[in-house]
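Enquirer: Chains as they are written, first to last, in full-length UniProt numbering: chain A, 1 to 283; chain B, 1 to 433.
By construction, these hints were calculated from the structure, which means they are not laboratory data. One or more hints might be untrue.
Said to hold, decoys possible - Think about it this way: if two alpha-carbon atoms lie no more than 20 Å apart in a straight line, the pair counts; the simulated EDC-like pairs of lysine to aspartate or glutamate are:
{"hint": "1", "chain 1": "B", "residue 1": "K140", "chain 2": "B", "residue 2": "E3"}
{"hint": "2", "chain 1": "B", "residue 1": "K4", "chain 2": "A", "residue 2": "D196"}
{"hint": "3", "chain 1": "B", "residue 1": "K276", "chain 2": "A", "residue 2": "D12"}
{"hint": "4", "chain 1": "B", "residue 1": "K118", "chain 2": "A", "residue 2": "E67"}
{"hint": "5", "chain 1": "B", "residue 1": "K4", "chain 2": "A", "residue 2": "D197"}
{"hint": "6", "chain 1": "B", "residue 1": "K111", "chain 2": "A", "residue 2": "E67"}
{"hint": "7", "chain 1": "B", "residue 1": "K347", "chain 2": "B", "residue 2": "D6"}
{"hint": "8", "chain 1": "A", "residue 1": "K243", "chain 2": "B", "residue 2": "E274"}
{"hint": "9", "chain 1": "B", "residue 1": "K42", "chain 2": "A", "residue 2": "D68"}
{"hint": "10", "chain 1": "B", "residue 1": "K118", "chain 2": "A", "residue 2": "D197"}
{"hint": "11", "chain 1": "B", "residue 1": "K401", "chain 2": "B", "residue 2": "E391"}
{"hint": "12", "chain 1": "B", "residue 1": "K119", "chain 2": "A", "residue 2": "E205"}
{"hint": "13", "chain 1": "B", "residue 1": "K376", "chain 2": "B", "residue 2": "D81"}
{"hint": "14", "chain 1": "B", "residue 1": "K119", "chain 2": "B", "residue 2": "E55"}
{"hint": "15", "chain 1": "A", "residue 1": "K232", "chain 2": "A", "residue 2": "D127"}
{"hint": "16", "chain 1": "B", "residue 1": "K140", "chain 2": "B", "residue 2": "E152"}
{"hint": "17", "chain 1": "B", "residue 1": "K118", "chain 2": "A", "residue 2": "E205"}
{"hint": "18", "chain 1": "B", "residue 1": "K119", "chain 2": "A", "residue 2": "E67"}
{"hint": "19", "chain 1": "B", "residue 1": "K118", "chain 2": "A", "residue 2": "D68"}
{"hint": "20", "chain 1": "B", "residue 1": "K111", "chain 2": "A", "residue 2": "D12"}
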Amino acid sequence: MHIVVCIKQVPDSAQIRVHPVTNTIMRQGVPTIINPYDLFALEEALRVRDRFGGKVTVLTMGPPMAEDSLRKALGYGVDAAVLLTDRAFAGSDTLATSFALATAIEKLHQEDPVHIVFTGKQTIDGDTAQVGPGIAQRLKLQQLTYVSAIRDVDSAGKSITVERRAEGGTQVLKTTLPCLITMLEGTNTLRRGSMDDVFRAVRSEVRTWSARDAGVEDITKCGLRGSPTVVKKVFAPQPRMEKAQQIDALGKSPAEIADETINMLFTASNQLGDDILKLTEAI
Amino acid sequence: MAEKFDVIVVGAGMAGNAAAYTLAKAGVNVLQIERGEYAGSKNVQGGILYAQAVEALIPEFRESAPLERHIIEQRIWVLNDKSYIGTHFRSDNFNEERPNRYTLVRAQFDKWLNGEVKKAGATVITETTVLELLKDETGKVNGVRCDRENGEVRADCVILCDGVNALVGSRSGVRKEINSKEVALAVKEMHFLPRDVINERFNIQESEGVVIEILGTVTEGMLGTGFIYTNGESLSVGIGVIVSDLMKNRINPSTLLEKMKSHPSVAPLLKGSEVKEYSAHLLPEGGYDSVPELSGNGWMVCGDSAHLLNAIHREGSNMALTSGRLAAETYLELRDKGQPINAENLKKYNQKLENSFVLKDLKKYRRMPHIMLENKQFVTMYPDLLAGAAETLLRVDGVDKKTKEKKITKDFRSARGIFGLVGDAFKLVRAWR
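Bound-form chain B, shown alone (with noise of 0.2 Å):
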């Protein structure tokens, strides 16, 4: 006789956790089911936290939950072969009392947020990994089958928390597989270093961080970005591209990172740093369009696996963990009503997203991944251009300030033309709208 739960989640990512964290507070038979060993053993993201999406389910997660650093500045490097030119945001207010934003090692985050799934109740089991989905007569999900003897178990409703790569639903047919335009290969490196030198590279204090994002040439040409995070005593230092663009141009990831570290402007940061992990792993960043259907009859999907990604602002972990707790929200709203968990019903849930900032942030960016996919010359052209036209400015070397604006302009001109240029700016504007 198989096991019943009133909900199974499959995942204790951050969506995982959300979802089975609210379901179990409010005394709901839940059960959760992780592929790793413990939850976070699989993941690597290493990583921004966002506290509101925390503080929504446990607002004094600040004393207990292992964070490494708040994040006070903020800094957007476009990077050419030689320089880099950008952007920095420093403030002190980002020094408060419960600050906004913190780096964290996601490994022990998560393990961390599982346990309060697990004392408010949830059965959680690991090392299992669900195959599929189970239906009834009527085509309504009422459990899964995982990958040990006995393997079925069956629920009312499962909500599907399993990641990027969305194997469950999927090889459930109640999606499609993902797509190589849509996702990003990320790999990422542990630099270890003493919190002292982290400190003084980075000008900060104490547990102090700072958040590097890079654009540029270093993605040679492809469509992605890099990052630098201080940890207490590590730096995450990372890259990612597009999977698509990746396969096209035949290169490896890793050889991108090396590049990235060895430019003139981030090998300093990363002196004397003992190297402990490597990592890498897919992100999804088709935005809105990409977002699959996200309920059915008797499931619903949260996080990675639902794509709820925004690759612009770089947010991922505030957007699972909200959409996981709204799905959890959305069947205790049913089961309070005594109404079936069903197709129509759990439509509440694709609506309690549209109406959140979740949906709301992917709508607006929709435009902004196919725009960045076929204008490369965002990620090839400009950052020269910019970089160019910084030295040109900067260097004094006896010439005089309007024949050099005039140089800046003509470099622009010939490198994209007139048309270019405008076309370039409309198309950013309209993306970014």
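Just chain A, with the same shape it has in the complex (with noise of 0.2 Å):
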């Protein structure tokens, strides 16, 4: 079985600064993850591959620094991987980014036939989760979204059962395969490579495509040219609350608390007082 797992090397959220002049985000010095939400959908691979057999290639696409993220997964078993790299993929949004991947996982399966697509269930820089269900419209696959749990994968490798979430709980669904699944954060504990994985994964080569090598014929569906998303504006949002208050209700009576909370209430307010007027005026 051929497993393909499509990961995005992203900005560590947590270290990021928004300039507070000119509102862009400060990258520099920034360091570079691996999509936090990718991890679960490697996880999940690795275990598909370990339970079922078969092999794991990760897929990214990215400017050249991106290969540290394959290295790193290959750190953690996974068997083979694809960087997807040139300047005409620059600028795309998420139309153009699941053209780009669809393309090269079809070139991969004419090297060997792909059963299963995991992405995360989205990036945390862009927050769209659209790229997973647009790799899966253009490739005609089954899709599978927010997938908790793998149970089964039948051994021709002609189905699978997954653990869906829902809303008010969990479904089991069965398909066909191909599919592309889309996996759920939490649901998995990452492992630790073993030390032959490590020294792999600082020997093997990583697979360097350019448009060309991973059969794009269509340029313009690429990089800014194939987005049409635009962005109207960057800001930074005003912080939607003040820091909580907290009350001291430790050995107060109710009648004490309530009397504490009413004067937090009118002094972190002056107008409270005059709308409350107005209001009993009005009644």
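Assemble the dimeric complex from its two separately framed chains, guided by the hints.
Expert: Structure (structure tokens):
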């Protein structure tokens, strides 16, 4: 069985700062990580491989430095890695990205038939959750989103049974392969590769594909040209709320606590008193 | 079947990178093992780089290394609660083509240097912790065991650059654990400010930099120093105190840092800054007498792990780089002569360190850590006396100068006594020589 996992190298959002004057994201010096949601996809793919046999190929699109993420994935025990990198891909939105990835997966499929494509639920930098479904649509794959567990893959590699988070409960779904799965967070714990995996990660070749290598014929569907999404404005939102205030309630009567609460409310807003007066007058 | 290398370098800080780089350049099959996600990811030094030690490895490092500012001014401040008295040295001579000292952010620098190590041909693996040294039946170190499945890796020689805690060496029984009197705990914050603001506040231009070392009452009678370093768009602000003093006084170093930051001479420098990082680290400050056995049967130890740090001159990274390089050179010499990597032959590394500035400087200040640890008046009483003297002299209030001088002399004598004063001077001079 051939499993492909799509991962994305993203800036560690916990360490990003917004420039106070220009409102642009300051990426300089911000470390990059594998999109955390993708790690659940990665681990689940490895588990499926370990249970049912086969190989896992990890695929990413990004600048040349995205190779670091692929090597990292190799260190967890992935079998092969492909980096899709080309200036033509720069500025891709989710439509252009899913086009490029789908084309590359098609190419991998020709080399060695692909049974399952895994992606994370979404990325932490774009948060759209569109690329996985976009790939499934283009490749006409069965689409299983928000999957929390893989129950079974039949031995002939013809069907798969999964658990999927749905409103109010868990759905158990069975579908035919090939399929695309977007994996829910918190569903597994990433393994630690063995020493052999780590050495392999350092030594193995990461295949680097340009748009042409990946089999892209229509370059206008890539990068900025292939991206209908337009960023109109970027701004840092106002904090939604002030810091919460606490009342120390220990050993106080309900009346005292109520008094303190009211005091606090009136101190926080000098208009509150007037507003209440107006309301009572109106009544 | 375990992997086999010529040399394993444990750690990818200054010492480890210097060792691995030197070996890989000479064609040695070297494995470098780093526990962090990448070289520098665990590093919080923020930081002064002494160019000479890097030049010895990579002469043209300035072209590609991430450096913050070159230092043109050094300030030493002795603080009491209200004042500072100090010396500043600034010179345009430091605005040279190949500057001598730089501020830097280690996380970035180490990553860069480790990139050079990889380019030189070393095998570098990360997120892997070395647990202990492996030995053959004769007791010779012949590899390491890591915290991964199939974690044993073999080598003819292991160079330990595993940092101040020196866990690998102490776990493997080749040295004793570090002692709380020998290490300082330093806490540091990164205060972000626009470049222009830093330049204005410190009276500098472009990439010129200032270093302030701070002594005095900020350490509340404990042995330690504070510091403010100018980076490109941030200030490294921190304070370090000997751990045994912190334990005795039950004081958290972050409390000291808050106090230092609010000092009237410090606060205006930091005003309006955004604090982005908070970190803590141990510094090996025991000096010469704390340096452990530097080599043994199949192993050498470098940098912080070997306690190579000059606390008086705030030099550490240069000692780490130099010791790492010398360990590598020792191995290369033995290899070229076809001599075995055993305890006797590796003693050459100890000799190289003894003959270099590294151990010469540590030897020179050998007595200093003990004297400072047992004579707290240097950090408690003298800052007040010095500041008081300066204020008495400078304040114009109708009192004649002779009376003022008498008052100063009296203050010193009543605080410390004539024998105390002479004794302190004697101790300092003796420690310095």
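Enquirer: For a C-alpha distance cap of 20 Å, please report whether K111/B and D12/A respect it.
Expert: holds (17 Å)
Enquirer: Taken at face value, is the distance from the CA of D196/A to the CA of K4/B at most 20 Å?
Expert: holds (13 Å)
Enquirer: Take a quick look at whether K42/B and D68/A sit within 20 Å of each other, Cα to Cα.
Expert: holds (18 Å)
Enquirer: Taking only the CA atoms, is the gap from K4/B to D197/A under or equal to 20 Å?
Expert: holds (16 Å)
Enquirer: Take a quick look at whether K232/A and D127/A sit within 20 Å of each other, Cα to Cα.
Expert: holds (17 Å)
Enquirer: What's the verdict on K118/B and E67/A, does the C-alpha distance respect the 20 Å limit or exceed it?
Expert: holds (15 Å)
Enquirer: Below or equal to 20 Å on CA atoms is what counts here, so check K347/B against D6/B.
Expert: Distance ~19 Å between K347/B and D6/B Cα, so the pair holds.
Enquirer: Does K118/B pair with E205/A here, judged by a C-alpha cut-off of 20 Å?
Expert: The hint holds at about 15 Å.
Enquirer: For a C-alpha distance cap of 20 Å, please report whether K276/B and D12/A respect it.
Expert: Holds. K276/B to D12/A sits at ~14 Å (cutoff 20 Å).
Enquirer: Hint check: K119/B vs E55/B, CA-CA at most 20 Å. Holds or violated?
Expert: holds (17 Å)
Enquirer: Given the hinted pair K376/B and D81/B, is their alpha-carbon gap at most 20 Å?
Expert: holds (17 Å)
Enquirer: Going straight from one Cα to the other, do K140/B and E3/B come out at no more than 20 Å?
Expert: holds (18 Å)
The structure agrees with every numbered hint stated previously.
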